[in-house]
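**Student:** From first to last, the protein sequence lines are chains S and A. First residue of the first sequence: 0, per numbering that gives the first Met the number 0; consecutive thereafter. First residue of the second sequence: 0, per numbering that gives the first Met the number 0; consecutive thereafter.
Don't read these hints as lab results, they were simulated from the structure. Where hints are given, some of them may not hold.
[Stated by the list, open to error] Below, in silico cross-link-like pairs of lysine to aspartate or glutamate (DMTMM-like), each with a Cα-Cα straight-line distance of 20 angstroms or less:
{"#": "1", "chain 1": "A", "residue 1": "K169", "chain 2": "S", "residue 2": "E44"}
{"#": "2", "chain 1": "A", "residue 1": "K30", "chain 2": "A", "residue 2": "E185"}
{"#": "3", "chain 1": "S", "residue 1": "K27", "chain 2": "A", "residue 2": "D436"}
[Unchecked claim] If the Cβ cut is set under 8 angstroms, some of the chain S residues that face chain A in the computed set are:
{"#": "4", "residue": "D1"}
{"#": "5", "residue": "C11"}
{"#": "6", "residue": "E20"}
{"#": "7", "residue": "G25"}
{"#": "8", "residue": "H26"}
{"#": "9", "residue": "L28"}
{"#": "10", "residue": "I29"}
{"#": "11", "residue": "C33"}
{"#": "12", "residue": "F37"}
{"#": "13", "residue": "L38"}
{"#": "14", "residue": "E40"}
{"#": "15", "residue": "I45"}
Source: prediction; values computed, not measured. Even for Gly, the Cβ is constructed at its ideal location relative to N, Cα and C.
These are the residues of each chain, in order.
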Amino acid sequence: MDKVFWVTCPDCAGRFFCDMELRRSGHKLICPFCQNEFLDEESPEIEE
Amino acid sequence: MARDLREFVRQVERELPSEYVSVSRKVRPTKFEVTALLETLTEAGHFPMVEFKSTEDAHGNDVDIPIVSNVFASRKRCALALGHDPDKHKTELSLEYARLAGRTIAPETIDSSEAPVKQVVLRGEQVDMGGLPVVKHYEMDLSPVYTMALAMKDPDTGAYNVSFIKGFYKNDPRKLGISIHSPHLERVLRKYEERGEAAPAAFILGHHPAFYLGALALSPYDSDDYATIGSFMREPLRLTPSTTWGEDFMVPADAEIVVEGEIPPGAREVVDPFGEVTRHYQAQCLRQSMQVKALTRRTDAYLQDIFSGHEGHWNLGGIPKEGSVFNAVNARVGNVTAVHMPHSGVSRLACYVAINKQKEGDGKVAGLAALLESWTFQAIVVVDADIDVFNEKEVVWALLTMVDPQRDVTYVRNMSTTFTTAMGHNKVVIDATKPLDRAFPTRFRVPPAAMDGVRLEDWIDDWTGRSVD
Numbered sequence: 000m001d002k003v004f005w006v007t008c009p010d011c012a013g014r015f016f017c018d019m020e021l022r023r024s025g026h027k028l029i030c031p032f033c034q035n036e037f038l039d040e041e042s043p044e045i046e047e
Numbered sequence: 000m001a002r003d004l005r006e007f008v009r010q011v012e013r014e015l016p017s018e019y020v021s022v023s024r025k026v027r028p029t030k031f032e033v034t035a036l037l038e039t040l041t042e043a044g045h046f047p048m049v050e051f052k053s054t055e056d057a058h059g060n061d062v063d064i065p066i067v068s069n070v071f072a073s074r075k076r077c078a079l080a081l082g083h084d085p086d087k088h089k090t091e092l093s094l095e096y097a098r099l100a101g102r103t104i105a106p107e108t109i110d111s112s113e114a115p116v117k118q119v120v121l122r123g124e125q126v127d128m129g130g131l132p133v134v135k136h137y138e139m140d141l142s143p144v145y146t147m148a149l150a151m152k153d154p155d156t157g158a159y160n161v162s163f164i165k166g167f168y169k170n171d172p173r174k175l176g177i178s179i180h181s182p183h184l185e186r187v188l189r190k191y192e193e194r195g196e197a198a199p200a201a202f203i204l205g206h207h208p209a210f211y212l213g214a215l216a217l218s219p220y221d222s223d224d225y226a227t228i229g230s231f232m233r234e235p236l237r238l239t240p241s242t243t244w245g246e247d248f249m250v251p252a253d254a255e256i257v258v259e260g261e262i263p264p265g266a267r268e269v270v271d272p273f274g275e276v277t278r279h280y281q282a283q284c285l286r287q288s289m290q291v292k293a294l295t296r297r298t299d300a301y302l303q304d305i306f307s308g309h310e311g312h313w314n315l316g317g318i319p320k321e322g323s324v325f326n327a328v329n330a331r332v333g334n335v336t337a338v339h340m341p342h343s344g345v346s347r348l349a350c351y352v353a354i355n356k357q358k359e360g361d362g363k364v365a366g367l368a369a370l371l372e373s374w375t376f377q378a379i380v381v382v383d384a385d386i387d388v389f390n391e392k393e394v395v396w397a398l399l400t401m402v403d404p405q406r407d408v409t410y411v412r413n414m415s416t417t418f419t420t421a422m423g424h425n426k427v428v429i430d431a432t433k434p435l436d437r438a439f440p441t442r443f444r445v446p447p448a449a450m451d452g453v454r455l456e457d458w459i460d461d462w463t464g465r466s467v468d
């Protein structure tokens, strides 16, 4: 089973989940609710 | 006249009128109005093909491009698309599919000047991928997504592969994030990446449904999908030189819209979430991108869309697979009567196999044989031939009355898998056939002789015109 982690957008507080390949990868995540781009470390909460 | 999507839309309207609806009121596809309507129909138990006649593009501008969705959402329509009797849409359809998959019809080439898909030709900066009525499907989707099939060409053999992909429109007019899950397309892509070359690709956003059903045939990697598709179209697929690469890359002449582009080696970008076939979102991840070079279309083009994670999407998994599972398991055990990949298992995760059981153990052998036929299978259920595998109530009855969990449930651990479910890499085979090695009750029935010829209107007062709930 592919592992995922949940993040919270620092701008809109929308929550979505990502493949573990994006954890600490340096790639900016894209919030599907407001299109804000941010690093996973910037998420106020990470659930994994 | 060559077969195309518009011909099929009119055929359904004419021959299966209860399976077609149109929407003249304008829909806003990026505001979930297409999927909200489809979901409401689904919740009411209706799965018609829907023609959205008035649409707007991703910028909110009116655009004269209708959307056709839910094309594959009934097995009857899939049968009609394949030139098969719509009333024989269960196992007969699956076996007909398998038969068509075993042959090819060579494509034919026509000049671009004759190709309907070249009626409008946009190159380079003329192209705006937001200028189409691209659909945003689900709440957590990253973006609107183009859902149809991509054609790529093996750089060594020249054979074309065609498979469904997702194309994420992320507000860039000439770039799509693309998500490829097809092993054959991945193999083509890998060859270009190893050479350090950009891979040419054509995104085919509308064609006759037989085109897409044929693209799903389990053909060998080196075979040419355009020829396989011809078998399903029951005529040579008409091809025409692409606008970008000319005769070096041919595209379907009778498509509605073709987007030509290149997939640069090594380039990755963020795509997903997207509401997938399993009814879960695909997690955000890194995938390829496609640099769009040209867009060609008919003057009055349709945009075709798949309502992902619903009946049409599921039928695209089940119908192409059921016949091959039937034939493979039958070759091993010789007594298969029906195979179905139910919608409850998203037509990927579960497979029901009915057999004429001859001896104890047949069920387990058939189940294990079926399990090997697709890496998407998580659970196989084998039942007796008197159970209708298309009637889940009967299958569950067999599961609840025939199965001794200690003996009849077989776990297979650590197998390759495709989808993310709680079962992970573990699979289960359940033999729900009636035990033959001990005395066991039999299913009751009203004598067939008494049932034969019963017409309710002959017996029940004022029955004519009433329906059965």
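**Student:** Please verify whether K169 (chain A) and E44 (chain S) have alpha carbons no more than 20 angstroms apart.
**Tutor:** Violated, because 26 angstroms separates the two Cα atoms, which is more than 20 angstroms.
**Student:** Would the hint on H26 (chain S) stand, with a C-beta cut-off of 8 angstroms toward chain A?
**Tutor:** H26 (chain S) check passes; min Cβ-Cβ to chain A is 6 angstroms, inside 8 angstroms.
**Student:** Are the Cα positions of K27 (chain S) and D436 (chain A) separated by 20 angstroms at most?
**Tutor:** 61 angstroms, violated
**Student:** Does C33 (chain S) hold up as a contact with chain A if the rule is Cβ-Cβ below 8 angstroms?
**Tutor:** 11 angstroms, violated
**Student:** With a cut-off of 8 angstroms on the beta carbons, see whether F37 (chain S) makes it to chain A.
**Tutor:** 11 angstroms, violated
**Student:** Restraint: C11 (chain S) near chain A, CB-CB cut 8 angstroms. Satisfied or not?
**Tutor:** Check failed: Cβ of C11 (chain S) comes no nearer than 13 angstroms to chain A, outside 8 angstroms.
**Student:** Please check whether I29 (chain S) passes as an interface residue: C-beta within 8 angstroms of a C-beta belonging to chain A.
**Tutor:** Result: holds, 5 angstroms to nearest chain A Cβ.
**Student:** A closest beta-carbon separation below 8 angstroms is what the hint needs, so does L28 (chain S) meet it against chain A?
**Tutor:** Given a least distance of 6 angstroms, the restraint on L28 (chain S) holds.
**Student:** Does the alpha-carbon distance linking K30 (chain A) and E185 (chain A) stay inside the 20 angstroms limit?
**Tutor:** Judged against 20 angstroms, a Cα distance of about 32 angstroms means the pair is violated.
**Student:** Does G25 (chain S) pass the interface hint, meaning its C-beta sits closer than 8 angstroms to a C-beta of chain A?
**Tutor:** 11 angstroms, violated
**Student:** So, as I understand it, the hint says E20 (chain S) touches chain A; can you test that by seeing if any CB pair is closer than 8 angstroms?
**Tutor:** 6 angstroms, holds
**Student:** For the hint on D1 (chain S), does the least C-beta distance to chain A fall short of 8 angstroms?
**Tutor:** Check passed: Cβ of D1 (chain S) comes within 5 angstroms of chain A, closer than 8 angstroms.
Hint violations for this structure: numbers 1, 2, 3, 5, 7, 11, 12, 13, 14, 15, all remaining hints satisfied.
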